[in-house]
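There are 2 protein chains.
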Amino acid sequence: MRKAAGRTASGRVRGETRRRTLESARMLFNGRGVARVTTRLIAETAGINEGNLYYHFRTKASLVVALFAAFEEEAAGLAAPDGAERHELAPHVEVLRRWFVLTWRYRFLFQDMAAVQAEAPSLRPRLVRLSARLQAETRRSVADLAEAGLIAIPPGFEEPLLANVWIVSSSWIGFLVLNERVRAVRETHLRWGYNQVLSLYLPYLTEPALVALAALPEPSFSGEA
Amino acid sequence: MRKAAGRTASGRVRGETRRRTLESARMLFNGRGVARVTTRLIAETAGINEGNLYYHFRTKASLVVALFAAFEEEAAGLAAPDGAERHELAPHVEVLRRWFVLTWRYRFLFQDMAAVQAEAPSLRPRLVRLSARLQAETRRSVADLAEAGLIAIPPGFEEPLLANVWIVSSSWIGFLVLNERVRAVRETHLRWGYNQVLSLYLPYLTEPALVALAALPEPSFSGEA
Numbered sequence: 001m002r003k004a005a006g007r008t009a010s011g012r013v014r015g016e017t018r019r020r021t022l023e024s025a026r027m028l029f030n031g032r033g034v035a036r037v038t039t040r041l042i043a044e045t046a047g048i049n050e051g052n053l054y055y056h057f058r059t060k061a062s063l064v065v066a067l068f069a070a071f072e073e074e075a076a077g078l079a080a081p082d083g084a085e086r087h088e089l090a091p092h093v094e095v096l097r098r099w100f101v102l103t104w105r106y107r108f109l110f111q112d113m114a115a116v117q118a119e120a121p122s123l124r125p126r127l128v129r130l131s132a133r134l135q136a137e138t139r140r141s142v143a144d145l146a147e148a149g150l151i152a153i154p155p156g157f158e159e160p161l162l163a164n165v166w167i168v169s170s171s172w173i174g175f176l177v178l179n180e181r182v183r184a185v186r187e188t189h190l191r192w193g194y195n196q197v198l199s200l201y202l203p204y205l206t207e208p209a210l211v212a213l214a215a216l217p218e219p220s221f222s223g224e225a
Numbered sequence: 001m002r003k004a005a006g007r008t009a010s011g012r013v014r015g016e017t018r019r020r021t022l023e024s025a026r027m028l029f030n031g032r033g034v035a036r037v038t039t040r041l042i043a044e045t046a047g048i049n050e051g052n053l054y055y056h057f058r059t060k061a062s063l064v065v066a067l068f069a070a071f072e073e074e075a076a077g078l079a080a081p082d083g084a085e086r087h088e089l090a091p092h093v094e095v096l097r098r099w100f101v102l103t104w105r106y107r108f109l110f111q112d113m114a115a116v117q118a119e120a121p122s123l124r125p126r127l128v129r130l131s132a133r134l135q136a137e138t139r140r141s142v143a144d145l146a147e148a149g150l151i152a153i154p155p156g157f158e159e160p161l162l163a164n165v166w167i168v169s170s171s172w173i174g175f176l177v178l179n180e181r182v183r184a185v186r187e188t189h190l191r192w193g194y195n196q197v198l199s200l201y202l203p204y205l206t207e208p209a210l211v212a213l214a215a216l217p218e219p220s221f222s223g224e225a
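Sequences listed follow chains Z and H, in order.
For the first sequence, UniProt numbering assigns the number 1 to the initial residue and increments by one for each residue that follows.
For the second sequence, UniProt numbering assigns the number 1 to the initial residue and increments by one for each residue that follows.
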């Protein structure tokens, strides 16, 4: 009995160490880029010794893969609204806001996708799948909004719009890093990126949608690290 | 006299070797990515020995820098139309077409900008300057088109449009490589990217501009290697 309790407690400690290590890695990757972060620095930041880190994650690549899995899991919750919400503007806009919060939390994936893929080539097919699924959700959103008379896209304009939504959603951080010499992406940047994507839809929103949009509170991105 | 002729002739040979080496490097970088191309392969493809290549370019990085300089020089010719042409649609669209031909010729710069910057970090400020200049030209184009009544952008929509034009212009290749599993970018992809950027402007073009656009011949991207 005592032994079992012991196992559980040490299991809890191990889980907590793993969680803290991942969190430290995520924040360091976000702040400095994957290539410039060593496992030694991650261990230091997490307040554990390197041997302990090594017990959980053999390589930096395995940390990248574990963080990508966490990103995937959170992204799995991002789906176009269902039921009655399908025909309202706000729930669709909320999915966009949540996508930006997510890309913000895992911005190292977007800031330097080439380095991430070089570190962990196995992620490529998973990234392709994720990208395809999110694009399908956006397509479903647009179809629902059209059905509700909230968006009116002329024939032939929808496919270019959907591709541009994805390009801007996944490349806005690179734009800031290059053009604004942004070193650390902050909340104002997040708001900027969100508005860039929203601006792609604006020309196609109908009057009722524009009214509904104007009535929405400013989206909050604060409290995200 | 004979000696001078000899110097000139050998100078011509050196110039030709240099040109052929750069052309081989450009095509290999475009086809396989900078990281996967060795100087040995470049020498082989150019039909010269490695010692000769080394005489012209000490490192792969110096090849990347020389190609970037060529890209810069060609990009210097890309300016918004002047004079009477300022108020016509076609010359502005032609600048966009020429930008796509240019990004196509030097697509390795856009397909894998992180690897390029890792190989030659000195290029970063030059890339930033080039990006700023091209964005300024786009801004001038839009102002001239507005003056001519060819485009009508509501207040507050212009800045997001200009940023999205740059994001899509510089990120469309990455989109294709990831989402369409495109390994080698071809002419049809070039046309696709061009249409993606054009589609950003479409909602804001006035009736006369749409008429002028429909009357333009399909842009040609062929014959580009």
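Because the hints were derived from the structure by calculation, they are not lab data.
None of the values given here were measured: they were computed from a predicted structure.
Each hint should be verified, as a subset may be incorrect.
[Claimed, not checked] Residues of chain Z placed beyond 12 Å of chain H at every Cβ, according to the derived structure:
hint: 1; residue: Thr17
hint: 2; residue: Thr39
hint: 3; residue: Leu41
hint: 4; residue: Ala61
hint: 5; residue: Glu73
hint: 6; residue: Gly77
hint: 7; residue: His87
hint: 8; residue: Asp112
hint: 9; residue: Met113
hint: 10; residue: Ser122
hint: 11; residue: Ala132
hint: 12; residue: Arg140
hint: 13; residue: Ser171
hint: 14; residue: Glu180
hint: 15; residue: Gly193
hint: 16; residue: Glu218
[Unchecked claim] To be clear about the criterion: a stretch of chain H counts as covered by chain Z if any three or more of its residues have a C-beta under 8 Å from a C-beta of chain Z, and this derived list gives those stretches:
hint: 17; stretch: 23–31
hint: 18; stretch: 77–88
hint: 19; stretch: 101–107
hint: 20; stretch: 118–131
Glycine is no exception: its CB is placed at the ideal position from the N, C-alpha and C atoms.
Hints and how they fare:
Non-interface status of Thr17(Z) relative to chain H is upheld: no Cβ of that chain comes within 12 Å, the nearest being about 32 Å off. The Cβ of Thr39(Z) lies farther than 12 Å from every Cβ of chain H, with a closest approach of about 20 Å, so its non-interface assignment holds. Listed as a non-interface residue, Leu41(Z) keeps its Cβ farther than 12 Å from every Cβ of chain H; the least gap is roughly 20 Å. For Ala61(Z), the condition that its CB be more than 12 Å from all CB atoms of chain H holds, with the nearest at approximately 17 Å.
The beta carbon of Glu73(Z) is kept farther than 12 Å from every beta carbon of chain H, the shortest such distance being approximately 21 Å. Residue-level check passed: Gly77(Z) sits 22 Å from the nearest beta carbon of chain H, beyond 12 Å. With a least beta-carbon separation of about 23 Å from chain H, His87(Z) lies farther than 12 Å from that chain, consistent with its non-interface assignment. The Cβ of Asp112(Z) sits about 6 Å from the closest Cβ of chain H, inside the 12 Å cut-off, so the non-interface label is violated.
Look at Met113(Z): its CB is around 8 Å from the nearest CB on chain H, not clear of 12 Å, so calling it non-interface is violated. For Ser122(Z), the requirement that its beta carbon stay farther than 12 Å from each beta carbon of chain H is met, with the minimum near 15 Å. Annotated as non-interface, Ala132(Z) brings its C-beta within 12 Å of a C-beta of chain H; the closest such distance is 7 Å. The non-interface label for Arg140(Z) is consistent with chain H: the shortest C-beta to C-beta separation is roughly 17 Å, beyond 12 Å.
Not every CB of chain H lies more than 12 Å from the CB of Ser171(Z), the least distance being 4 Å, so the non-interface label is violated. The beta carbon of Glu180(Z) is not kept farther than 12 Å from every beta carbon of chain H, the shortest such distance being approximately 10 Å. For Gly193(Z), the shortest C-beta to C-beta distance to chain H comes to about 10 Å, within the 12 Å cut-off, and the non-interface label is violated. Here Glu218(Z) stays apart from chain H, with its beta-carbon at least about 15 Å from theirs, past the 12 Å limit.
Using a Cβ-Cβ cut-off of 8 Å, 0 residues of the stretch 23–31 of chain H lie near chain Z, which falls short of the minimum of three, so the contact claim is violated. Evaluation of the coverage hint for the stretch 77–88 of chain H: breached, as 0 residues show C-beta separations to chain Z shorter than 8 Å, against a requirement of three. For the stretch 101–107 of chain H, the stated coverage by chain Z is not satisfied: 0 residues place a CB nearer than 8 Å to a CB of that chain, which falls below the threshold of 3. Beta-carbon proximity to chain Z at under 8 Å applies to 4 residues in the stretch 118–131 of chain H; the threshold of 3 is reached and the given coverage holds.
Checked against the numbered hints given earlier, the structure breaks hints 8, 9, 11, 13, 14, 15, 17, 18 and 19 and satisfies all the rest.
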